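A.B. asks: If you read the protein sequences in the order shown, they are chains A and B. Here our numbering is used: position 19 in the first sequence is 19, and no number is missing along the way. Here our numbering is used: position 208 in the second sequence is 208, and no number is missing along the way.
It is possible that some hints are incorrect.
Identical chains blur together in the list; that is why a pair holds if it fits in one copy or across any two.
[Stated by the list, open to error] Here are the simulated DSSO-like cross-link-like pairs (lysine-lysine), alpha carbons at most 30 Å apart as the crow flies:
| no. | residue 1 | residue 2 |
| --- | --- | --- |
| 1 | 186 | 299 |
| 2 | 299 | 219 |
| 3 | 209 | 334 |
| 4 | 23 | 209 |
| 5 | 186 | 23 |
No lab work stands behind these hints: they were computed from the structure. Bear in mind the structure is a predicted one, so any value in this text is a computation, not a measurement.
2 protein chains.
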Amino acid sequence: MNVAIVGASGAVGRELINILDTKPFAFDGVRLFGSRRSAGQTRRICGKDVVIEELTHEPGLFRGVDIAFVSAGAGVSREYAADITAHGTIMIDNSSAFRMDPDVPLVVPEVNPDDAFDAPRRIIANPNCTTIQMVVALRPIHELSPIRRVHVATYQAASGAGASAMDELRQQHADIVAGRPVTVEKFAHQLAYNVIPHIDVFTDNGYTKEEMKMHLETKKIMHAPHLEVSATCVRVPVMRAHSEALWVETESPLTLDRVRAAFRSAPGVEYTDDPASLTYPMPLDLAGCDPVHVGRLRKDLSNPNGISFWAVSDQIRKGAALNAVQIAQLLTAKA
Amino acid sequence: MNVAIVGASGAVGRELINILDTKPFAFDGVRLFGSRRSAGQTRRICGKDVVIEELTHEPGLFRGVDIAFVSAGAGVSREYAADITAHGTIMIDNSSAFRMDPDVPLVVPEVNPDDAFDAPRRIIANPNCTTIQMVVALRPIHELSPIRRVHVATYQAASGAGASAMDELRQQHADIVAGRPVTVEKFAHQLAYNVIPHIDVFTDNGYTKEEMKMHLETKKIMHAPHLEVSATCVRVPVMRAHSEALWVETESPLTLDRVRAAFRSAPGVEYTDDPASLTYPMPLDLAGCDPVHVGRLRKDLSNPNGISFWAVSDQIRKGAALNAVQIAQLLTAKA
């Protein structure tokens, strides 16, 4: 069993190295791939220094690789998917390139693990980070009573735009403290001391692609074509965990006790909700943590069939690298 | 016509001084009141240096004051309301002390100006900042078709917790840049690089008081007992303008064109919505501005009778000082 990471120098690639370093499933070798710029650098993983190879169209480059974690943007995924999968490699793709392809399963292991085994193109897509953390929290509710509508406002960290975006936010704050002018490159506007109601590009209906991913991907992952999500996605000056304020309407009204019990027993969910001790999930506390942390559970005051809650998860871990590794665990456990 | 500011040293008091300095209505004298700590300091206003007087229970202290702007917290408002109004002074109160009192009107001049003239206790309450900016944007929609439900997630600036909270956020970032430990006093947790889903204290139903203010005050201001608001109020590391992501359900479905036209002609609303040029309201741009800026207008994908939009307004101006001055303008225009 050999694995590869494509995009080894990015924020998600680095986290994949961290996670694989803990040997979350049995594998023998690891290969790392990157752009020409990264090629030749080494990364320490599982006690060895591994040299980053340049990603090219060289025939047979991925021969002998069983699972390739690909996280270098949708353009790279589209361009290299055929090369990567040519000799039987399963490609677990972190980009948006194939998520809505009917021949590509879109998998969150806590929600739709079986879909991972129906991958005719040998591509399995990792959902968008905001969608992953939302569906992990929605699944236990949906099992109590089918969900009809979700309203969700996000508070998304800089990490979603990559390692260089995190550097930019840090640099903006350093510049402000030093009284220097601020540089803006990675986001459309200054993020320090600001919130930006715009992630990814705008679509014709006024929603951004990020918002439409939450709408479309949720239906596919949850096998729920009539579950309608309306999202407002907002970038906030936080480093790496995403937060979401959610309102969920179910077919039947649910008591908070039932929802609480469902959260407590749900895989991948950590229920953290104790207002008396001012305990609720916050992104600053949860960078580097695995579960989707849920709290602030209460009735929707505007809807007898509604509940409201708050969910926080590390965007780079469960929102990307960890979910991809969990998909690999599914595949290797069955193999 | 004489006016007074109680709480002259606070964030809202300072902004009241700035606004009164522009002579927004005709008055002769200004008196300033503060705590013992502030008393004796002077503030420049309307070309004069005015000494801050200590707020005490001395009988007749407010004699000759026609309108007192009071912004020193609910405790001070409760303790001094009788003193302030004893000799005919109208108290425009920025605190939450009297907002739900049936004998105290709760006024946003763009929404319910007439209520200001029915103030048997000579107290007029300024609503909570998040509610003010929301109802200014809701009113034009409610006139097209009555609003049934509102879901709102807020992104609230440090300013809502006062001038010292803004200083704390600035200091936290300076400490992080310098590698020093961070001090937390004004908020329950570190705000720099974080978001905190908790503003004001928790109530029995799991909502915070801040969230319940949006629920209860909106009904009173809009004379709409069946308009149900469910809010999630979140502090974000922004200095002084609040943002809100809103979903509004109306009795009849509305086209975006009608809502857009209503926003464009609504008093106090600035419609700023051009995705093509990446133009949408953002708090960093709008500190110090008067209107409620609205953008990101689109259909609610989960509800045929729903629309979604984004609203940003300066918390200290329209959210507090400006609204109070506008109430005074109503009173003086009629007088």
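A.B. asks: Using 30 Å as the alpha carbon limit, work out where residue 299 and residue 219 are close: within a copy, between copies, both or neither.
C.D. replies: Close inside one copy (24 Å) and across copies (19 Å); limit 30 Å.
A.B. asks: Is it within, between, both, or neither for residue 209 and residue 334, if the alpha carbons may be no more than 30 Å apart?
C.D. replies: neither (34 Å within a copy, 51 Å between copies)
A.B. asks: At most 30 Å between CA atoms: does that hold for residue 186 and residue 23 within a copy, between copies, both, or neither?
C.D. replies: Answer is neither: 33 Å inside a copy and 43 Å across each miss the 30 Å cutoff.
A.B. asks: At 30 Å max between alpha carbons, let me know whether residue 186 reaches residue 299 within a copy, between copies, both or neither.
C.D. replies: Classified as between: cross-chain Cα gap 29 Å, same-chain 38 Å, threshold 30 Å.
A.B. asks: Since the copies are identical, ignore which copy is meant and state whether residue 23 and residue 209 lie within 30 Å (CA to CA) inside a copy, between copies, both or neither.
C.D. replies: Neither: 35 Å inside a copy, 47 Å across copies.
When each numbered hint is compared with the structure, violations occur for hints 3, 4 and 5.
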